[in-house]
Amino acid sequence: MVYWDHAASTPPYDEVIQTMAEVMKKHYGNPSSIHRMGEDAAKLIKRAREVCAASLGVKPSEIVWTSGATEGNNMAIKGAAMQYAGRGKHIVTTSIEHPSVYDSCLALERQGFEVTFLPVDGKGRVDPAEVASAVRKDTILVSVMHVNNETGAVQPLEEIGRAVKEANPLTVFHIDGVQGFGKLPVRLEAWRADLYTLSAHKIRGPKGTGILYKREGISLHPLLTGGKQESGMRAGTENIPGIVATAKAMRMASEQTETFMARVGALRDELMAWIRTQPCLELNSFEEGAPHIVNMSFPGMKGEVLLHSLEEHGALVSTKSACSSKTAEPSKVLLAMGRSADAASSAVRISMGLTNTHEELQQLIRALSDAVNRLQPLRQEGMN
Amino acid sequence: MKYDMLLLRFGELTLKGRNRNRFENTVLKHVKSVLRPFPAATIQKEYGRLYIVINGEDSESMIKELKKVFGLYSVSPVIVCPSELDAIVETSTSFLKQMPLKDGTTFKVSARRVWKKFPYSSHEMNHLVGAPLLQEFEQLKISMKDPELELRIEIRETGTYIFCEVIPAAGGFPRGSNGKAMLLLSGGIDSPVAGYSAMRRGLEVEAVHFYSYPFTSRKAKEKVMELAKVLSGYSGRIKIHLVPFTEIQTSFTTVGQDNLIITLMRRSMLRIATMLAEREGALAIVTGDSLGQVASQTLPSMNVIGRATELPLLRPLVTMDKNEIMDIAKQIGTYDLSILPYEDCCTLFVPKSPTTNPNLHVVERIEASLENLPTMLEDAVRRTESVVLTPRSVIETDRDEETIQEDWF
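Chain order of the listed sequences is A and B.
The opening position of the first sequence corresponds to residue 1 in the UniProt record's numbering, with each subsequent residue numbered one higher.
The opening position of the second sequence corresponds to residue 1 in the UniProt record's numbering, with each subsequent residue numbered one higher.
Chain A on its own, in the form it takes in the complex:
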């Protein structure tokens, strides 16, 4: 089996697994205990915070531990909305966000907030000018993802950040950075990010852990109350092995960003070049996108069919995002890009990482070629 689903989750680094195991075995003390085992655990958290902060070029005090991106995005969006509701009740986001952002915004809508969902162009990008005109006096939050999880489209964050802050300097700017870290340069200062979400298992770290960067000066209403962990921002005993392993994964992933862009980018280019030679396949990813995600449609054929057919050839891929792939609806992201319902229902996502080789890519192309030839006669016109 070859794993082509790195946007869903990634194979952890061996070093991460070793760190997890060693820390879990040795440092089971509660970091809030005041005896030495507690102190030791607290020291590990402190060091991990420094390492994570260094990978992002921010201050250690600006890192908040989370259980992953879903919590990070919820904490950012609901936390900012609750905290700053006194300033206004308007939120701006895009129509292609991850469900953890999208549904958090919908939940706030039900509580009386007003949400503007910005459209994207044919390549899946938001126009900064649209952001500028959407932000109002009462806009408290703008949330835009760095890299789209289904198509790999990269948002012009620097221009968007400038547009947000010029339109309203008090508006909090949140970036869902889950698919971008370790794949593309991250420049929080240039983007004027106030909040930035990461998940460890997308960067070869463990599941169930992640971070939220919270710029100094920004306050969030806590989602979880109880103990005074994370300065009262997030109650709950810290996940020490997960936290230390997150720091390890962040350090390794950020150090490997350039290698990733070069090596994985070359695999992606080759795959995209092959797809362009296939008249029955349509690309939903573009040159200027992230180096690791290729999304394509096989109109007339449900994405799941191609997926299972590739699985028979030993290649594991996804339809849409893992978080919504079990629903039968067409991809919201592709519809937002102006694709037909047919194209949006027949999409398959191939996402890669540094563990994939050139030989594996050749196998994948053979498998795709075989599957497409076999399935082509069975396509249904106007499937939807």
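Please note: incorrect hints may appear among the correct ones.
Partial chain A-side listing against chain B, Cβ under 10 Å, derived [what the hints assert, rightly or not]:
| no. | residue |
| --- | --- |
| 1 | GLU15 |
| 2 | GLU22 |
| 3 | ILE34 |
Straight-line distance between alpha carbons at most 20 Å, and here's what the computed EDC-like set of lysine to aspartate or glutamate pairs gives [stated by the list, open to error]:
| no. | chain 1 | residue 1 | chain 2 | residue 2 |
| --- | --- | --- | --- | --- |
| 4 | A | LYS43 | B | GLU402 |
| 5 | B | LYS219 | A | GLU304 |
| 6 | A | LYS25 | B | GLU138 |
| 7 | A | LYS25 | A | GLU39 |
| 8 | B | LYS68 | B | GLU165 |
| 9 | A | LYS25 | B | GLU406 |
| 10 | A | LYS43 | B | GLU396 |
| 11 | A | LYS43 | B | GLU406 |
Calculated from the structure, these hints are not laboratory results.
We put the CB at the ideal spot given by N, CA and C, even for glycine.
With chain A fixed as given, assemble chain B onto it according to the hints.
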């Protein structure tokens, strides 16, 4: 702007006659050690000043380190150009373009012809450079007396030095040039500032800290070592003596004079510090006392406590207000550590109403009644642990192994 050199000025020690050479060499040695991370930079010594040739090193981080060198009064970044009139005017113009000029900024040129063969005198140069600058920068207003901006031009045979910024440095006396003292270092805000002030005045300082396990935690001790480590950034290294104080402290709780406990403790601390001073060859004791700040720092308390030692007691903060002390603590980087909430031995067993006016006879009678006290003091000195800290030390006390395995991260 890319600078070529840094000009470092010595402070008041240029006034100190025969000692000047020794002082200057001490500063030179200190500067050299501070510049070790910048291997391309070279140092030239001149009367009353030092020049550092930057040679492509990062001048900003260099200045940051140089500002910690005691005995240096100020730093000026310098641009060097050929000793020719046109080049000097041109370089001066581009120099001023980088400066934040407001309308009506007062200004003058001060030229100094060190190389007497240069065709124009210092006075002539002031006009020859000043006139085109005034034309180019309309905001400038000439003023001979107290100008906001003084462009200095030093003409030498090998090149002309142009500078105008004067960045204040630490000042004071060169490191260790005034002898050695023991510093009573608690975990609070004041004592590190007192230590810094003493070091700035050219004292080599050895820190003495009293701890009382299990009434104080290991974290309190580590915090004090972290504070000492910050101080070592100003001297390169610092020795810290960690004195076990539990037995002495608890023995005072048995005498039934709770309001005198602090007085008794402070006297014993001074006695131990004096014994350590003798051993280490120190001639004074530095404390963070500030007059009237707490009960043990009233004048009557200082009188009774101070009599426990014959060494001079130096109290650099004695007339300072708390907020002045806090400002210095923030500036020297000890404040954030000082406010960490760990108990130190002075906050334990604090009586409800400590005396502000202790009676020396009563205090002496109590001490005499504690037969074991001299033995306990000697024992504490014997069990004192001494550690040398540098800015790169990793603080981990009483551990068999290090908690943090760097390869986990």
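Hints, one by one, checked against the model:
1. GLU15: holds, 8 Å
2. GLU22: holds, 7 Å
3. ILE34: holds, 7 Å
4. A:LYS43 - B:GLU402: Since the Cα atoms of A:LYS43 and B:GLU402 sit roughly 11 Å apart, the hinted pair holds (cutoff 20 Å).
5. B:LYS219 - A:GLU304: violated, 58 Å
6. A:LYS25 - B:GLU138: Roughly 72 Å separates the two Cα atoms, so the pair is violated.
7. A:LYS25 - A:GLU39: holds, 16 Å
8. B:LYS68 - B:GLU165: Within the cut-off at roughly 18 Å; holds.
9. A:LYS25 - B:GLU406: holds, 17 Å
10. A:LYS43 - B:GLU396: With Cα atoms ~11 Å apart, A:LYS43 and B:GLU396 stay inside 20 Å; holds.
11. A:LYS43 - B:GLU406: holds, 12 Å
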